[in-house]
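Here's the letter readout for the chains.
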Amino acid sequence: MKVLLRNPRREIELRGPISVTRLLNQLELNRESVLVIRDATLVPGDAMLDDSDEIEIRPVISGGQEFSGGPA
Amino acid sequence: MKCRVCRGPALIDIKRHNANFCAEHFLRYCRQQVERAIHDFSMASPGERLLVAVSGGKDSLAVWDLLVELGYRADGLYVGLGIGDYSDTSGEHVRRFAAERDLNLTEIDLRERYDFDIPTAAAVTKRVPCSACGLSKRHVFDEAARSGDYDAVVTGHNLDDEAAVLYGNVLRWQTDYLGRQRPMLEARNGFPRKIKPLVRLTERETAAYCVIRGIDYLVEECPMAAGNKHIGYKEALNDIERRSPGTKADFYFGFLRRAVDRFVDPPPEHDDTDAATADAGATGERLDLRQLGACEQCGAPASDSICAFCRLTDRVAGTEPVPVELVRSRR
Chain A
1 MKVLLRNPRR EIELRGPISV TRLLNQLELN RESVLVIRDA TLVPGDAMLD DSDEIEIRPV
61 ISGGQEFSGG PA
Chain B
1 MKCRVCRGPA LIDIKRHNAN FCAEHFLRYC RQQVERAIHD FSMASPGERL LVAVSGGKDS
61 LAVWDLLVEL GYRADGLYVG LGIGDYSDTS GEHVRRFAAE RDLNLTEIDL RERYDFDIPT
121 AAAVTKRVPC SACGLSKRHV FDEAARSGDY DAVVTGHNLD DEAAVLYGNV LRWQTDYLGR
181 QRPMLEARNG FPRKIKPLVR LTERETAAYC VIRGIDYLVE ECPMAAGNKH IGYKEALNDI
241 ERRSPGTKAD FYFGFLRRAV DRFVDPPPEH DDTDAATADA GATGERLDLR QLGACEQCGA
301 PASDSICAFC RLTDRVAGTE PVPVELVRSR R
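Quick note, the sequences are listed as chains A and B, same order.
For reference, each letter of the first sequence is one residue, going 1 to 72 in the working numbering.
For reference, each letter of the second sequence is one residue, going 1 to 331 in the working numbering.
Treat the hints loosely; a few may be bogus.
Only part of the chain B face toward chain A is listed, based on derived beta-carbon distances under 8 Å [unchecked claim]: (1) L11; (2) D65; (3) K234.
Quick list of simulated restraints, FRET-style, between CB atoms [stated by the list, open to error]: (4) A:D50 with B:M1: 16 to 22 Å; (5) A:R10 with B:K15: 43 to 49 Å; (6) A:Q26 with B:I240: 20 to 26 Å; (7) B:T319 with A:K2: 42 to 48 Å; (8) B:G47 with A:P17: 52 to 58 Å; (9) A:E28 with B:S42: 18 to 24 Å; (10) B:R113 with A:D50: 48 to 54 Å; (11) B:S42 with A:M48: 44 to 50 Å; (12) B:T319 with A:L27: 41 to 47 Å; (13) A:R9 with B:M1: 46 to 52 Å; (14) B:E296 with A:R38: 55 to 61 Å; (15) A:D39 with B:D115: 44 to 50 Å; (16) B:A187 with A:R10: 45 to 51 Å.
Hints in this document: simulated from the structure, not taken from any laboratory.
All of these numbers come straight from a predicted model, not from anything done at the bench.
Don't be surprised by glycine CBs; every beta carbon is placed ideally from N, CA and C.
If we strip away everything but chain A, and leave its shape as in the complex, we get (with noise of 0.2 Å):
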């Protein structure tokens, strides 16, 4: 399947079928930093994927505080 990822942007090649737990774990991300999206549609945990699976594995975290109070 082919995996796109975030912050550099790139595109990795993986094996199915996987969950996507399994999938996060094997990659070493955590699932509270990301969201894996197929078909503009979020996939949950326990969902499996297959080699013609085209996903993208977004990241949530954003920043930009450097200073304790806060941006927009």
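Fit chain B to the supplied structure of chain A, relying on the hints for placement.
The following block gives chain B in isolation, referenced to the frame of chain A:
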């Protein structure tokens, strides 16, 4: 995985609530969390005019969308920061969002209005970019709220933002900051009310909200924020959260329930304290936040004769623009 409400197929799990939701009920959950935050912290009343600080990222577009969905009168304000392609793209996301929903959007470009941009300010002052950025945005938002007669400025801070800021302040015992870390800061001394309606949602949830609602936000991170301490704190907290779901919420809301009142909220220049303290750290001066007057140059509330933003502008306006790539390479 089944939706907790309808038992249909779920799209997302929320471990800290031990709950899974389908799209419809996840959106309802988000609206309920925002309604509860607004109610619990007395953020806003129906009919008030709200000014949403929008950046093109997931949080600011989500909070704007949620407020409109909940029936609030919410306009947007976008500040052009001049951070190369990143700013160009973020502006496009904001404009598209507003146009598609027929919402009112005001744009203020730092270079056009004040003759500087964030990379140049960071390079000239030799301060981290996020410091000049935060100071500039706060000044522009406050001024726009005053001149536009808005009742409150809305920011997209979520639970992760607040927990990470609290974590950083506790690690360094920044007690001056702890007393003012609240989801709602009352209007006072010329500063508008500030509210954070997303404090009950994590950023994973605000991102999921955007995906489900079809909100096309800017996914790429600001190139000037990459690797800053705040992101490191979030990653550390997410490691804890993975092992112990609910820790972030307990940490932040426990602080609000049990500890925040033990710290003095520095009066009254609450929106300038970050900048003031950052300046004090950089220059060695100690600003007296209790002596508040009007800035001689712009009229904004200030603890000195010239406010922190005008001091920044005096120093950097008109200087040769510095490309963002050169500033990043110095980090």
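Hints, one by one, checked against the model:
no., hint, result
1, L11, "4 Å, holds"
2, D65, "15 Å, violated"
3, K234, "5 Å, holds"
4, A:D50 with B:M1: 16 to 22 Å, "18 Å, holds"
5, A:R10 with B:K15: 43 to 49 Å, "28 Å, violated"
6, A:Q26 with B:I240: 20 to 26 Å, "22 Å, holds"
7, B:T319 with A:K2: 42 to 48 Å, "46 Å, holds"
8, B:G47 with A:P17: 52 to 58 Å, "53 Å, holds"
9, A:E28 with B:S42: 18 to 24 Å, "43 Å, violated"
10, B:R113 with A:D50: 48 to 54 Å, "52 Å, holds"
11, B:S42 with A:M48: 44 to 50 Å, "46 Å, holds"
12, B:T319 with A:L27: 41 to 47 Å, "44 Å, holds"
13, A:R9 with B:M1: 46 to 52 Å, "29 Å, violated"
14, B:E296 with A:R38: 55 to 61 Å, "58 Å, holds"
15, A:D39 with B:D115: 44 to 50 Å, "46 Å, holds"
16, B:A187 with A:R10: 45 to 51 Å, "46 Å, holds"
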